[in-house]
Amino acid sequence: MDKNINVRDMIHKNKQSMNIGRVWEKMVPKVLLSIAIISILTTIGILATLTVETIAFFREVPILDFFTGTKLKPLGANAEFGVLPLLTGTILSTIIAMFVAIPVGLMTAVYLSEYASDKVRRTLKPLLEVLAGIPTIVYGFFAYTFVTPILRTFIPGLDPTNILSPGLVMGIMIIPMVASLSEDAMSSVPSEMRQGAFALGATRLETTWRVVIPASISGIIASFVLAISRAIGETMIVTIASGSSKNFTFDITQSMQTMTAYIVEVTGGEAPAGSTLYYSLYAVAMTLFVFTLIMNLLAQYISRRFREEY
Amino acid sequence: MKHVDSTQVQNRMGTRLLINKLAKSIFFLSTIFGLIVLVILMYRVLSQGVEWIDWQFITGKLSTMAENAGVMGPLLGTFWLMLVVAPVTLILGVGTAIYLEEYAKKNRLQSLIQTNISNLAGVPSIVFGLLGLTVFVKGMNLGNIILAGGLTMSLLVLPIVVVASQEAIRAVPQYLREASYGMGATKWQTVKNVVMPASLPGILTGSILALSRAIGETAPLVVLGIPALIIPFPDNIFDKFTVMPLQIYYWTIDSALVDEYANLAAAAIVILLLLLFAMNSIAVIIRNKFQKRL
Numbered sequence: 013m014d015k016n017i018n019v020r021d022m023i024h025k026n027k028q029s030m031n032i033g034r035v036w037e038k039m040v041p042k043v044l045l046s047i048a049i050i051s052i053l054t055t056i057g058i059l060a061t062l063t064v065e066t067i068a069f070f071r072e073v074p075i076l077d078f079f080t081g082t083k084l085k086p087l088g089a090n091a092e093f094g095v096l097p098l099l100t101g102t103i104l105s106t107i108i109a110m111f112v113a114i115p116v117g118l119m120t121a122v123y124l125s126e127y128a129s130d131k132v133r134r135t136l137k138p139l140l141e142v143l144a145g146i147p148t149i150v151y152g153f154f155a156y157t158f159v160t161p162i163l164r165t166f167i168p169g170l171d172p173t174n175i176l177s178p179g180l181v182m183g184i185m186i187i188p189m190v191a192s193l194s195e196d197a198m199s200s201v202p203s204e205m206r207q208g209a210f211a212l213g214a215t216r217l218e219t220t221w222r223v224v225i226p227a228s229i230s231g232i233i234a235s236f237v238l239a240i241s242r243a244i245g246e247t248m249i250v251t252i253a254s255g256s257s258k259n260f261t262f263d264i265t266q267s268m269q270t271m272t273a274y275i276v277e278v279t280g281g282e283a284p285a286g287s288t289l290y291y292s293l294y295a296v297a298m299t300l301f302v303f304t305l306i307m308n309l310l311a312q313y314i315s316r317r318f319r320e321e322y
Numbered sequence: 021m022k023h024v025d026s027t028q029v030q031n032r033m034g035t036r037l038l039i040n041k042l043a044k045s046i047f048f049l050s051t052i053f054g055l056i057v058l059v060i061l062m063y064r065v066l067s068q069g070v071e072w073i074d075w076q077f078i079t080g081k082l083s084t085m086a087e088n089a090g091v092m093g094p095l096l097g098t099f100w101l102m103l104v105v106a107p108v109t110l111i112l113g114v115g116t117a118i119y120l121e122e123y124a125k126k127n128r129l130q131s132l133i134q135t136n137i138s139n140l141a142g143v144p145s146i147v148f149g150l151l152g153l154t155v156f157v158k159g160m161n162l163g164n165i166i167l168a169g170g171l172t173m174s175l176l177v178l179p180i181v182v183v184a185s186q187e188a189i190r191a192v193p194q195y196l197r198e199a200s201y202g203m204g205a206t207k208w209q210t211v212k213n214v215v216m217p218a219s220l221p222g223i224l225t226g227s228i229l230a231l232s233r234a235i236g237e238t239a240p241l242v243v244l245g246i247p248a249l250i251i252p253f254p255d256n257i258f259d260k261f262t263v264m265p266l267q268i269y270y271w272t273i274d275s276a277l278v279d280e281y282a283n284l285a286a287a288a289i290v291i292l293l294l295l296l297f298a299m300n301s302i303a304v305i306i307r308n309k310f311q312k313r314l
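Protein chains in written order, with our numbering: chain A, 13 to 322; chain B, 21 to 314.
Bear in mind the hints are in silico, worked out from the structure with no lab data behind them. Certain hints may be false.
[Claimed, not checked] Below 25 Å or equal to it, Euclidean Cα-Cα: the simulated PhoX-like pairs (lysine-lysine) are:
#1 B:LYS126 x A:LYS42
#2 B:LYS126 x A:LYS38
#3 A:LYS137 x B:LYS44
All chains, please: the whole structure from these sequences, using the hints.
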């Protein structure tokens, strides 16, 4: 050891490094907190941008006209901004998707949770996760170039772009989500309850129907609501396969535009900032955001409020 | 007094068992329904795209001529985008998770951040696109460059990384922390030297899954206004860019005009899926390799 360093120096040095350590120790929580705050800033950013531009939009278009208008003609003179055509497109595609996702997803959950052996479950679940991991753009391609042509051989009046095909494909995409959330709910039902039903002579189906599903109903319903929220916010499938017709119709064989597809179309067209068209983007996005937020909060409320504790 | 009529029960038993069996096969069929669609989708994409994939397609430039088109530009775009998304989400996501799990007191602020994160996860991706357009592209005047796209994507996948990291940190047994404190380590030393290494596999797995989500995501980037134009290869984060999903999107909608574009889209999908498959395999390998360590 160097002769010039005596014990006092060493203690001094040690203290200094401890001081630095102490300062750092105090700073860490503050640094981490400011990082954590960024997620809140994101939410504030979303709310602020949507609100500010939506207010600007409603200065030019009366709010009542927007929500009750059946005509959407964003370009040219006499532009009209009624959101109803977009709402019907969104709601219809969601309903079609739910017709696929809810029954198939729930039955899949029942099979995986109640019927399948451990080995089968361990093989099937990762495969279903693959389905959930495929990018939506791929489903859009699939709907447009494969499902629609097939559907057109059965339904001659079907337009090349229509709301039916993306609705169905969207439903398939959402199956794994419904299945895995519902399965989680079902497998958290204690097996004593099943065994009780078996002991009374119930078959597996009767046990599932009368015991397991009622006991896990809050989680199952919550999974449906989340699936609806997901379908409302889904963008690429409907953008590609449903075209951009802004007709106010309930005919699912026709082209329709959803709220999400409208946002894609308008931003892709480089709407000049400050125009009514540009602001309409945010009004539609605000509507979309509120819809999905309500669904998400509803799902949280259902699974909290109606959960049966065992 | 007899409560159960045993002959009646016996008579109905056959039907009940039959219905049960029938239900089981229906449930099984709906389980494999999704998988059948998956197989059809894969077959369809492969059969249409595979013959278009050659060295020239992978390394070539975009072109309006279907025969000459290549996807090097979108591939590089995806790569550069990840160079922004990966560090940003890792720092923000893991930082938030450490704060919530190790430092935050169970108070209002903590539950606000927690609720906020789970709600952010439910916001449609296209809304994040509008946020990026307003804040990064127009507000900060970045334009539709890689940095703007990367920051937008980072915010989008942030909840995934936060939740995965939180789970990983929560799974670190308390006695490891206590042993570290017992050795005289401070809180930060414990977090840095004990909690982080132990939760790293979980954090990495979650981050890779988040990245693969970002690679496949299209909608927010369309909203940022990234055009379907042929642009030079990007070579830093301030360049304009396009990515694989966007290119697939433009080829798909333009296939109404040029038939071959559908094949190009299929070929690009094959490459995109291979990329995602490779990333997910890495995630699975990490998970399996480190699962039994604790």
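Taking the hints in turn, this is what the structure says about them:
Straight-line distance between C-alpha atoms of LYS126 (chain B) and LYS42 (chain A) comes to about 16 Å, which keeps the hinted pair within the 25 Å bound. Simply put, LYS126 (chain B) and LYS38 (chain A) have alpha-carbon atoms about 19 Å apart, close enough for the 25 Å limit, and the pair holds. Among the hinted pairs, LYS137 (chain A) with LYS44 (chain B) is consistent with the structure: their alpha-carbon atoms are about 17 Å apart, no more than 25 Å.
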